[in-house]
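Novice: Now for the letters of each chain:
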Amino acid sequence: MSKINNYNKLSIRIDDGLAMEACGKQVAEAIVSSKLPGAQIHLMGELGAGKTTFARGFIQAMGYDGHVKSPTYTLIEPYETPYVMIYHLDLYRLSNPEELEFLAYRDLCQENSICLIEWPEQGGKMLCTADITINIVFIGDKREVGMTSVSSVGDRLLQRL
Amino acid sequence: MRVLGLETSCDETGIALYDTDNGLLAERLYSQVSLHSEFGGVVPELASRDHIRKTLPLIRQTLNEARLSIDQIDGVAYTAGPGLIGALLVGAGIGRSLAWSLGIPAVAVHHMEGHLLAPMLEAVQPTFPFVALLVSGGHTLLVYVEKVGHYQILGESVDDAVGEAFDKTAKLLGLPYPGGPELSQLAKSGRQGIYRFPRPMVNRPGLDFSYSGLKTFAMNTVKKLGDSIDAQARADIAYAFQEAAVDSLVIKCKRALKQTGLTSLVVAGGVSANDCLRGELKKLCDKMSVELYFPKLEYCTDNGAMIAYAGSLRLMDGHIEEAVIEAKPRWPLDTLS
Numbered sequence: 401m402s403k404i405n406n407y408n409k410l411s412i413r414i415d416d417g418l419a420m421e422a423c424g425k426q427v428a429e430a431i432v433s434s435k436l437p438g439a440q441i442h443l444m445g446e447l448g449a450g451k452t453t454f455a456r457g458f459i460q461a462m463g464y465d466g467h468v469k470s471p472t473y474t475l476i477e478p479y480e481t482p483y484v485m486i487y488h489l490d491l492y493r494l495s496n497p498e499e500l501e502f503l504a505y506r507d508l509c510q511e512n513s514i515c516l517i518e519w520p521e522q523g524g525k526m527l528c529t530a531d532i533t534i535n536i537v538f539i540g541d542k543r544e545v546g547m548t549s550v551s552s553v554g555d556r557l558l559q560r561l
Numbered sequence: 003m004r005v006l007g008l009e010t011s012c013d014e015t016g017i018a019l020y021d022t023d024n025g026l027l028a029e030r031l032y033s034q035v036s037l038h039s040e041f042g043g044v045v046p047e048l049a050s051r052d053h054i055r056k057t058l059p060l061i062r063q064t065l066n067e068a069r070l071s072i073d074q075i076d077g078v079a080y081t082a083g084p085g086l087i088g089a090l091l092v093g094a095g096i097g098r099s100l101a102w103s104l105g106i107p108a109v110a111v112h113h114m115e116g117h118l119l120a121p122m123l124e125a126v127q128p129t130f131p132f133v134a135l136l137v138s139g140g141h142t143l144l145v146y147v148e149k150v151g152h153y154q155i156l157g158e159s160v161d162d163a164v165g166e167a168f169d170k171t172a173k174l175l176g177l178p179y180p181g182g183p184e185l186s187q188l189a190k191s192g193r194q195g196i197y198r199f200p201r202p203m204v205n206r207p208g209l210d211f212s213y214s215g216l217k218t219f220a221m222n223t224v225k226k227l228g229d230s231i232d233a234q235a236r237a238d239i240a241y242a243f244q245e246a247a248v249d250s251l252v253i254k255c256k257r258a259l260k261q262t263g264l265t266s267l268v269v270a271g272g273v274s275a276n277d278c279l280r281g282e283l284k285k286l287c288d289k290m291s292v293e294l295y296f297p298k299l300e301y302c303t304d305n306g307a308m309i310a311y312a313g314s315l316r317l318m319d320g321h322i323e324e325a326v327i328e329a330k331p332r333w334p335l336d337t338l339s
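These protein sequence lines are chains B and C, in that order.
The first sequence: position 13 = 413 (the numbering used here), numbered continuously.
The second sequence: position 152 = 154 (the numbering used here), numbered continuously.
Mixed in with the good hints, there may be bad ones.
[Stated by the list, open to error] Rough simulated footprint, nothing fancy, chain C against chain B, three-plus residues with beta-carbon under 8 Å:
| hint | region |
| --- | --- |
| 1 | 419–432 |
| 2 | 447–459 |
| 3 | 502–513 |
| 4 | 518–524 |
Since the hints were made in silico from the structure, they are not lab data.
We treat Cβ as the ideally placed atom computed from N, Cα and C, and that holds for glycine.
I would like the entire structure built from these sequences, with the hints used as guidance.
Specialist: This is the structure we're talking about:
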């Protein structure tokens with residue numbers, strides 16, 4: 401894993417699925433150690449890039465010990481963890497951002513919860529603004545995870561990483 | 003006893019009327035066309051999961067089709083979970099209030115119990131106990147169905163559902179999403195032995211599945227070919243993917259049948275329409291002298307009939323619930339009784 405860290409950008413090279421889970425774990429640990437009550441995290445990247453794998457590492461590091469399944473079909477998977485309530489969303493199957501209303505999304509988007517949102521592009525303006533965006537790109541069969549902070553909460557988070 | 007069933011746990015709005023003496027009386031599944039008349043000929047673009055606007059018109063249509071009025075039903079069954087909280091609350095809210103206003107009982111039904119009991123809606127039914135394989139875009143589940151209300155999960159997917167892997171691999175191959183059925187069609191012109199995909203989790207004991215790795219393997223194979231990928235290569239990849247996905251399902255079914263010693267296998271869910279899976283399971287069951295059942299496809303995917311049926315069993319059993327509107331987004335199947 402090699403890192404490049406600017407003050408509001410961070411990029412990490414990832415070799416395989418285990419390293420991707422470890423990357424999710426690091427971000428989760430940074431949230432706990434900086435005592436953030438919650439965060440809005442947007443996960444971007446093509447199909448098969450490893451967004452759900454990142455989320456799995458993140459959610460399990462927060463103390464959830466069950467399976468973290470793909471939320472593509474269910475759209476939202478809630479996880480109750482000792483630290484905070486986590487909502488893992490996948491908006492791939494939304495045909496209209498307004499459908500977020502039928503999912504009771506506004507009730508989830510609160511300061512004391514964490515939303516991990518895959519395919520945030522599909523949510524348009526209905527989505528709460530992100531604290532941090534994570535963009536996963538293919539480099540051959542490896543990946544590069546680019547994190548960008550877009551709020552003061554995100555800044556605090558990236559400083560810890 | 004006539005029971006009205008409401009299914010609103012995810013994408014589909016399904017309504018049905020089941021009579022414990024005469025079977026299924028009528029059913030409706032939302033389609034853009036079916037609501038025209040209710041809206042006076044104007045076709046509104048109702049979003050998926052807009053259960054609020056669909057449920058009442060569908061209930062009216064179902065009653066009309068059965069030539070019954072609302073006061074001629076004896077009970078209401080609704081899906082209370084697992085599923086999307088917003089979607090579930092629509093069914094729970096409407097179901098409970100309807101029953102309350104009519105002075106009849108309502109019952110909360112587990113979505114997966116509905117699926118597991120759906121084969122009982124068919125003329126030829128499996129006898130309990132049996133092993134059920136539920137394969138769809140949202141589920142990959144092996145269940146020991148002892149009798150109504152007694153289910154033991156033998157194995158499930160730890161990441162992606164098998165139908166989801168079909169749909170996403172189809173997308174990687176340039177097919178529309180969701181393209182599981184199109185991928186199977188493409189696989190027909192694929193050649194055996196060109197690509198070899200891994201069989202996830204078959205070398206470990208246990209009955210769990212994993213399909214996320216298969217999707218990534220497909221992705222890496224496509225990326226490696228780059229611009230040189232042609233129609234034949236796509237078909238070959240589709241073939242190898244389907245072969246691996248089906249193979250791992252068949253291996254786990256075989257293990258589950260051996261482990262339980264049961265002689266009936268029920269296969270349900272959208273993926274049960276897959277020809278390759280049907281053929282391979284038939285071979286397995288013939289070899290093991292196991293009875294194989296495939297419910298009709300309309301009862302395999304989400305529908306109101308299975309909820310009305312499962313609810314009717316509970317109501318006939320004298321099951322009484324408090325009149326509380328409650329939905330359970332997470333509701334483990336093996337906590338039922």
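Novice: Against each hint, give a clear statement of whether it holds in the structure.
Specialist: Right, here's what the structure says about each hint:
1. 419–432: violated (count 0)
2. 447–459: The restraint on the region 447–459 of chain B holds, since 6 of its residues have a Cβ under 8 Å from chain C and three suffice.
3. 502–513: holds (count 3)
4. 518–524: violated (count 0)
The structure fails hints 1, 4 (numbered hints given earlier, in ascending order).
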